[in-house]
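Asker: Single-letter residue listing:
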Amino acid sequence: MNLRDQLLQASKRASAVLADVGAQQRVRDSGYSRIDPVAIAEGGGVPVMVRPLDKLLGAFLNPEGSPGILVNSQRPIGMVHLTCAHELGHYFLGHETTTDEHIEYGEGASPSERAANEFAYRLLMPRWLVVHVMKQKGWSLTDLPRPEVVYQLSLRLGVSFRAMVWSLRSIKFLTLPLATQIAAHSPKALKEAVLPDRRAPAEGGDVWVLDPRDQAFIIEPRAADRFILELPNHAGAGYVWTAEEASSAGFAIKPVVVDATRHDLESGPVVVGSSATLSYELEPSAAATSTDAIQPLGLTETQPWNRGAPRDHVGLRAHYETLVEGLSRGTRQRRLQEAR
Amino acid sequence: MSTDDASTQRLEMAARLREAREYLGMSQEEVAVALELSRPAVTNIESGSRKVEAVELERLARLYGRSIEYFLRGEQPKLDAKVAFAARTLHGLSSKDLDEVARFAEFLRSSGSKGSRSKK
Chain A
1 MNLRDQLLQA SKRASAVLAD VGAQQRVRDS GYSRIDPVAI AEGGGVPVMV
51 RPLDKLLGAF LNPEGSPGIL VNSQRPIGMV HLTCAHELGH YFLGHETTTD
101 EHIEYGEGAS PSERAANEFA YRLLMPRWLV VHVMKQKGWS LTDLPRPEVV
151 YQLSLRLGVS FRAMVWSLRS IKFLTLPLAT QIAAHSPKAL KEAVLPDRRA
201 PAEGGDVWVL DPRDQAFIIE PRAADRFILE LPNHAGAGYV WTAEEASSAG
251 FAIKPVVVDA TRHDLESGPV VVGSSATLSY ELEPSAAATS TDAIQPLGLT
301 ETQPWNRGAP RDHVGLRAHY ETLVEGLSRG TRQRRLQEAR
Chain B
1001 MSTDDASTQR LEMAARLREA REYLGMSQEE VAVALELSRP AVTNIESGSR
1051 KVEAVELERL ARLYGRSIEY FLRGEQPKLD AKVAFAARTL HGLSSKDLDE
1101 VARFAEFLRS SGSKGSRSKK
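Sequence lines, in order, name chains A and B. Note that the numbering used here has the first sequence beginning at 1, numbered continuously upward. Note that the numbering used here has the second sequence beginning at 1001, numbered continuously upward.
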């Protein structure tokens, strides 16, 4: 089989796997916007092991017909997902044991590596999912040349910034020159640009810019991540946004002091004093970041002196990703159950 | 075997049992529930302050995907399989990464989902 056919087969296999697990339905019904390659592996009876490794991103092992996937916990989460999907590609495409120091393979790479790469891209970033997230966020193709939009898109799909760029290129949402230009931006600089203190989170943490459109999603952050909330501004009429006590126990919000920080990325004119949105920083409690459940965050826009009905309400949902070393949760639970 | 030897062996076995559980990311509580032991029993087994019955050791070994001999005497799986595996697929990995890959391969080999099910 030639390379072209192998890549096509990998792409079709990824689509078939997504259909088998009902991914499209899950995204539509639940609000989760990520494909979870670990859950797909577990569902197929393939154990996943998460370990701190030196140089390896991951490995697909198949000793004596007992397949398993090893991934490096010491990499940013988008990379962990991509690696797991890549190794899953080796599994579904019937490849031999293989260890991967890289998963983004250029044209010189072996056909099996390129096929596994193609599988990973199609599994985590299928065209329908990209379209779905863009639609919910109100982004159109004309927004994609903005690297900060591509970065926010990558967070909702749970992949690295660069993989997102090249995936948008491969589904022809970006031209090659644009993709090349966007890929040259550093994710760290994109994170710093939106934070009031200009300090990117430690440990490769991400920065989510959330607005009322994110009510469509259950976002899946990690403990080190930070959040900027952009909410409609009616401060002129005395309205302020506050967290509802009953439905946002795990979070605190505080206004971001307005200076020029929010505007230097945007090309439009800066309207001083009457901007349409106000920025808040959302701060999760330590308990919130270690809870493995959907956590609500309710915000209301009220006039502090007026006890009447709020002007507006925003309800966000977060489900923290808690990647712990050892067997993946599903693998571990299955094993414990079988020991009974 | 003197009492000293016996207690050394028990302590070593206890350390291996703890390490094997931690490798898999299982809590003492989870292991206790799965094997119908009390939580303190697992804690005490792993500190060497409680003797391990043969049946218990067998079940622990199966859960952790390692041999009984390994826990008793620290005997590693045959090296030739490991070396052959390494020679076939690995090139220039750090020794830590090589160990991790070999260890997970051994785990899969000895306890692959097929193996643990057919034993029942």
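Quick caveat, the hints were computed from the structure, so don't treat them as lab data. Backbone N, C-alpha and C fix where the C-beta goes; we use that ideal spot for every residue, glycine too. Worth double-checking, as some hints may not be accurate.
[Claimed, not checked] Estimated spans, in silico, between C-beta atoms of each pair:
#1 K172(A) / I1068(B): 55 to 65 angstroms
#2 S285(A) / L1011(B): 35 to 45 angstroms
#3 E1053(B) / A287(A): 37 to 47 angstroms
#4 S1007(B) / E325(A): 29 to 39 angstroms
#5 S1094(B) / P111(A): 24 to 34 angstroms
#6 Q215(A) / S1049(B): 21 to 31 angstroms
#7 T1008(B) / A16(A): 33 to 43 angstroms
#8 E1019(B) / D29(A): 39 to 49 angstroms
#9 E244(A) / E1053(B): 26 to 36 angstroms
#10 L1011(B) / P111(A): 47 to 57 angstroms
Asker: Determine for every hint whether it applies to the structure shown.
Answerer: These are the hints, each one checked on the structure:
Against the hinted window of 55 to 65 angstroms, the Cβ-Cβ separation of K172(A) and I1068(B) comes to about 58 angstroms, which satisfies the hint. Checked against the given bound of 35 to 45 angstroms, the beta carbons of S285(A) and L1011(B), roughly 41 angstroms apart, stay inside it. Hint check: E1053(B) to A287(A), Cβ distance near 39 angstroms, so the stated range 37 to 47 angstroms holds. Hint check: S1007(B) to E325(A), Cβ distance near 31 angstroms, so the stated range 29 to 39 angstroms holds.
Between S1094(B) and P111(A) the CB atoms are about 27 angstroms apart, so this pair conforms to the stated range of 24 to 34 angstroms. Taken as a hint, the range 21 to 31 angstroms is violated for the pair Q215(A) and S1049(B), whose Cβ atoms sit roughly 54 angstroms apart. A hinted range of 33 to 43 angstroms is violated for the C-beta pair T1008(B) and A16(A), which are about 56 angstroms apart. Restraint check, E1019(B) to D29(A): a C-beta distance of roughly 42 angstroms satisfies the suggested window 39 to 49 angstroms.
Look at E244(A) against E1053(B): about 54 angstroms separates their beta carbons, and that is not inside 26 to 36 angstroms. At roughly 52 angstroms, the beta-carbon separation of L1011(B) and P111(A) lies within the given 47 to 57 angstroms, and the hint holds.
When held up to the earlier numbered hints, the structure conflicts with 6, 7, 9 and fits the remainder.
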